[in-house]
Structures are given as C-alpha cells and as structure tokens.
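Chemist: Residue strings, one per chain:
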Amino acid sequence: MSKRVGLEASFAAAEAARMADVDVIAAYPITPQTHIPERLAEMVADGELNAAYIPVESEHSALSACLGAAAVGARTFTATAGQGLELMHEVVYVASSMRYPIVMTICNRALSAPLSVWGDHSDAMAVRDAGWIQVFCQNNQDAFDMTLWAFRVGEDPRVLFPVMVHFDGFHLSHVTEPVILPEQKEVDRFLPRFQYPFALTPDKPMTHGAFGPPDIYSEAKIAQEVAFRKSKDVIIQGFKEFGDIFGRYYHPVEPYRTEGAKVLLLTMGSFSETAKIAIDTKKNKGESVGLINLRLWRPFPFEELCQAVKDAETLIVFDRCISFGGPGGPVSSEIRSALYNEKERPRVVSFIGGLGGRDMAVKDFEYVIDQGREIVEKGSEELFETVGIRGEVTGIRG
Amino acid sequence: MTEKRLKTGPDFIWRDMEVGNIVTEAGSAALRRTGDWRSQRPIIDKERCNKCGLCWLYCPDVAIKLLEDGYYETDLFYCKGCGICAKVCTREAITMIEEEEE
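Quick mapping for you: the protein sequence lines, in order, are chains A and B. Letter 170 of the first sequence, counting from 1, is numbered 303 in the working numbering, and no numbers are missing. Letter 70 of the second sequence, counting from 1, is numbered 129 in the working numbering, and no numbers are missing.
Hints should not be assumed to be uniformly reliable.
Said to hold, decoys possible - Under the rule of at most 30 Å between Cα atoms (straight-line distance), these lysine-lysine pairs were calculated in the DSSO-like manner:
{"id": "1", "chain 1": "B", "residue 1": "105", "chain 2": "B", "residue 2": "124"}
{"id": "2", "chain 1": "B", "residue 1": "139", "chain 2": "A", "residue 2": "354"}
{"id": "3", "chain 1": "B", "residue 1": "124", "chain 2": "A", "residue 2": "337"}
{"id": "4", "chain 1": "A", "residue 1": "373", "chain 2": "A", "residue 2": "409"}
{"id": "5", "chain 1": "A", "residue 1": "418", "chain 2": "A", "residue 2": "511"}
{"id": "6", "chain 1": "A", "residue 1": "373", "chain 2": "A", "residue 2": "363"}
Stated by the list, open to error - Ranges of calculated distance between the beta carbons of each label pair, as one might list FRET restraints:
{"id": "7", "chain 1": "A", "residue 1": "340", "chain 2": "B", "residue 2": "111", "range": "30 to 40 Å"}
{"id": "8", "chain 1": "A", "residue 1": "337", "chain 2": "B", "residue 2": "156", "range": "41 to 51 Å"}
{"id": "9", "chain 1": "A", "residue 1": "321", "chain 2": "B", "residue 2": "125", "range": "53 to 63 Å"}
{"id": "10", "chain 1": "A", "residue 1": "363", "chain 2": "B", "residue 2": "111", "range": "56 to 66 Å"}
{"id": "11", "chain 1": "A", "residue 1": "330", "chain 2": "B", "residue 2": "88", "range": "17 to 27 Å"}
{"id": "12", "chain 1": "B", "residue 1": "111", "chain 2": "A", "residue 2": "326", "range": "52 to 62 Å"}
{"id": "13", "chain 1": "A", "residue 1": "339", "chain 2": "B", "residue 2": "126", "range": "26 to 36 Å"}
{"id": "14", "chain 1": "B", "residue 1": "75", "chain 2": "A", "residue 2": "325", "range": "28 to 38 Å"}
{"id": "15", "chain 1": "B", "residue 1": "135", "chain 2": "A", "residue 2": "347", "range": "19 to 29 Å"}
{"id": "16", "chain 1": "B", "residue 1": "135", "chain 2": "A", "residue 2": "337", "range": "27 to 37 Å"}
Derived from the structure by calculation, the hints contain no laboratory data. Keep in mind the model is a prediction, meaning the values are calculated, not measured. Ideal Cβ placement from N, Cα and C applies to all residues, glycine included.
Assemble the whole structure, with the sequences as input and the hints as a guide.
Modeler: Take a look at the structure:
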C-alpha cells in the first residue's frame with residue numbers, strides 16, 4: 134500500500150532518491166537545498182540507503198564527482214540552489230554534453246547581490262541553455278514524482294541526458310504538505326536497474342571527454358541538439374508510464390480551466406497553485422480566464438504550448454526573473470518566440486514579480502490578470518510590467 | 060581485429076558522432092597526425108650522440124624512438140617541435156631548424 138505522509142519538498146526529493154536506490158550522491162549544502170543532502174547523508178549513515186555519499190568542498194566539485202560516478206554507470210544524484218548552481222556552471226554544460234543522466238534537484242533561489250537566500254527563478258534561467266532536461270514542480274508531490282521520473286527519462290537509452298527538477302526555495306523546499314509515497318515494488322517496476330551503455334571499464338578501454346577541434350565541434354553540438362530535442366517523446370512517454378503506475382498524469386504544458394478562455398495566465402512552479410485560486414475566484418465572477426502551468430522548460434514544448442494558447446486573445450506570462458536589458462522576463466521572451474510564426478496567436482503581456490522571496494498572493498495574481506487585460510486594451514509604454522514593486526515603475530524601454 | 064580509422068574528414072557527418080562524443084576505440088590518438096602543427100624540427104647529430112637517452116626520456120609526446128643500434132630518431136608524425144630534446148641534450152647533439160629549411 135502506498136502511504137500518505139507529511140513531508141517538505143526537500144525530504145520528498147530525498148525520499149525519491151532513496152527509493153530510486155541511487156548509487157552515488159555528491160552534494161554541498163546551500164540554503165535552501167540543505168535538507169536534501171542532510172537527509173540523504175543520514176539515510177546512508179543509518180544504513181537505509183546503500184550508496185556512496187561524497188562530501189565535497191564545493192558545488193563545482195559536487196557535480197564533477199557526479200560526472201565521474203556517472204561515467205562508470207552509477208545512478209547519480211545531487212542537489213543545489215542559487216549561488217551553488219552558479220558555481221557549478223562550467224560542469225553543468227559538461228554533464229549534458231557528455232550525456233550523463235545525472236539527476237539534480239534545484240531549490241530555486243535568487244542570485245546575489247544583494248545577498249538573498251530566498252526563492253525566485255534566476256538560478257534556473259542562468260542554466261537555461263545548458264542542455265539539461267528541466268521541469269518545474271507545483272507542490273511537494275510533484276517534487277517526489279518528478280525526481281523519480283527524472284531517473285526514468287534521463288537514463289532511457291534514447292535520451293541519456295541529465296535532468297534538473299526545479300522547485301521553489303522555501304515556498305516548497307521548507308513547507309510540509311501531504312505526499313503520497315508509493316510502495317518500493319511499484320517504484321522498481323517504473324524504474325528498472327540502470328545500465329549505462331558506455332560505462333567506463335578496464336575490459337574495454339574508451340575515451341570520455343575527448344578534445345574537440347574545429348573540424349569536429351560543430352558536428353558534436355548539432356548531434357547533441359538533435360538528440361536533446363528528440364528526448365521530448367520519451368519525456369511524454371515517461372509521464373504516461375508514471376501515470377499508469379502511480380495514477381498521477383503529468384504533461385509538458387498543463388492547462389487549468391482554459392476552455393473558451395479569452396485571457397490566459399502562464400506561470401511556472403509553486404506559484405501556479407496560487408494562480409489557480411485566482412482563476413477560480415475570477416471564474417466565479419464570470420470572467421473568461423484560465424491558467425497554463427508550464428511544467429517542461431527544456432526541451433521547450435513548442436507544439437504543446439502553441440496548441441494550448443491558440444484560441445486565447447491575451448496571454449499573460451509571469452516571470453520570477455529579470456533578463457537585464459532584455460525584452461521581458463526570460464519565459465515571456467521564449468513564449469513570444471514560440472508564437473511569432475503562428476497565424477493564430479494571443480497578444481503576450483510580460484509580468485515580472487515574486488523576486489527574491491517576495492510572495493505572490495491570490496489577490497496579486499488577480500491584479501496581474503486585470504492589469505494584463507487593461508494593457509492589451511490601452512497599450513503600454515513599457516516592455517514588461519511589474520507586480521508588487523513599491524513605487525511606479527517606468528523607463529523599461531530600449 | 061578491425062582496422063582502426065580516424066573519425067574525421069569531409070565524409071564524417073554529425074550523424075556519425077558517438078553519443079557524448081565518446082571515442083569507443085582505445086588508442087585511436089596514434090592515428091592522428093599531430094606533427095603538422097610543428098614550425099621547427101629537431102635534427103640529431105649521430106656523431107655527437109652518446110646514446111644517453113635524455114631526449115627520449117624528456118620528450119613530452121613520446122615522439123623520440125629508440126633504434127636497434129642504440130641511437131634515437133624523432134617521429135615527425137607526432138613531434139610538435141617544442142625543442143625540449145635539444146634543450147636537455149648535454150652533448151648539444153640536437154639542433155632545432157626551421158621547417159622550411161632543408
């Protein structure tokens with residue numbers, strides 16, 4: 134029997150790694166991710182998990198150690214947040230280019246300065262183009278489910294890419310919610326033992342991480358890009374298989390009450406759940422609104438996104454990150470690009486808020502929807518709008 | 060044993076890349092002519108050489124070979140022309156000359 138227990142997202146992710154029976158964990162503690170390596174270290178020390186726990190001296194070393202473990206075919210897990218992910222940056226690209234299916238949970242955190250340990254999506258956006266499969270979680274059940282799913286998809290021989298599971302620092306990482314934990318035998322059915330096809334072994338010497346001079350680098354990168362885009366089929370198949378076993382079905386793009394809606398709001402991560410309440414409130418007042426939760430961030434689900442928003446007149450995209458000097462939040466500029474060549478497409482309004490742990494309540498999302506609608510009617514001088522900033526924000530122009 | 064071949068050149072397309080750019084065959088570096096970067100090459104004067112082997116020991120690219128008669132020769136397929144052999148030779152038996160010189 135599966136059981137329903139109270140867990141914060143950090144413990145849910147650690148529990149998923151334990152049930153996935155990981156072989157190697159190399160991690161360095163950083164707020165708000167600390168509870169994940171702490172819990173896993175405890176499990177290893179108490180003999181609940183038969184894995185090597187490598188206490189390293191930095192995040193750069195953490196992911197480097199993961200590369201080595203993955204190269205010999207170990208099921209490998211790590212976790213970080215904010216500045217830790219920044220320090221890892223160089224190795225983040227290496228992991229995806231060398232096709233190691235490492236799973237890493239990120240407790241999304243703002244980037245300094247000013248120093249902030251609180252949540253936003255700046256850390257995730259800084260590794261947007263690094264070639265990792267990336268999903269965002271709405272709640273703690275998601276955090277458990279996506280971590281388990283990440284191993285299944287990343288390790289698939291048709292994929293072999295690392296996977297980042299993002300959940301909001303503090304809003305999820307430190308908040309206890311009910312989480313349904315499956316039985317071990319169900320997990321084993323979903324996630325069979327892993328055989329890395331190119332594992333290093335003295336029996337058959339080979340070279341990982343060779344030099345790529347100009348006569349080969351471009352070919353290597355295109356091969357990686359094509360394989361990465363193709364992984365979307367397995368990602369979707371993985372969601373389906375997960376649902377068939379555990380009863381919870383996930384999708385790259387998840388519409389909520391969007392049927393016939395003229396105005397759509399798009400959010401990622403835990404704020405989607407708050408935004409859903411705002412949608413319910415507005416629906417009750419008879420307003421034509423709906424929500425899109427963007428779960429899969431990389432590879433970007435172009436087809437699914439275009440399909441989900443094609444009948445709407447207005448699409449309000451909410452970002453928890455600033456792209457300094459850019460056209461709007463990173464998610465909104467991505468979505469504008471995705472829709473640019475579509476014949477039928479909504480007007481896109483970019484909103485930025487929820488930075489560095491600033492909360493977004495239901496009323497704030499109601500404000501975003503009202504303002505977004507007004508901007509489409511009246512037009513705006515600014516490239517993007519803000520919510521929850523003290524003082525009138527002007528001068529967002531090139 | 061299959062013949063080793065280098066994966067490069069105009070016929071080698073992106074679809075030929077191994078997953079993760081892994082080089083699945085051991086020892087394939089032996090096939091790659093890396094000596095073509097060289098702008099200078101070492102000339103060994105057999106008259107001055109006392110077969111001490113310092114050049115062979117110090118060559119960072121294993122491009123100096125021991126011959127049957129105990130003397131040494133440079134393998135220009137790999138030699139990058141760094142000049143370390145000429146520097147360490149106590150007998151000044153190795154001279155670096157410009158590639159375009161005969």
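Chemist: Look at each hint and say if it fits the structure.
Modeler: Results of checking the hints against the structure:
no.	hint	result
1	105/B with 124/B	holds, 14 Å
2	139/B with 354/A	holds, 28 Å
3	124/B with 337/A	holds, 28 Å
4	373/A with 409/A	holds, 24 Å
5	418/A with 511/A	holds, 23 Å
6	373/A with 363/A	holds, 17 Å
7	340/A with 111/B: 30 to 40 Å	holds, 34 Å
8	337/A with 156/B: 41 to 51 Å	holds, 43 Å
9	321/A with 125/B: 53 to 63 Å	holds, 58 Å
10	363/A with 111/B: 56 to 66 Å	holds, 58 Å
11	330/A with 88/B: 17 to 27 Å	holds, 23 Å
12	111/B with 326/A: 52 to 62 Å	holds, 56 Å
13	339/A with 126/B: 26 to 36 Å	holds, 33 Å
14	75/B with 325/A: 28 to 38 Å	holds, 30 Å
15	135/B with 347/A: 19 to 29 Å	holds, 23 Å
16	135/B with 337/A: 27 to 37 Å	holds, 32 Å
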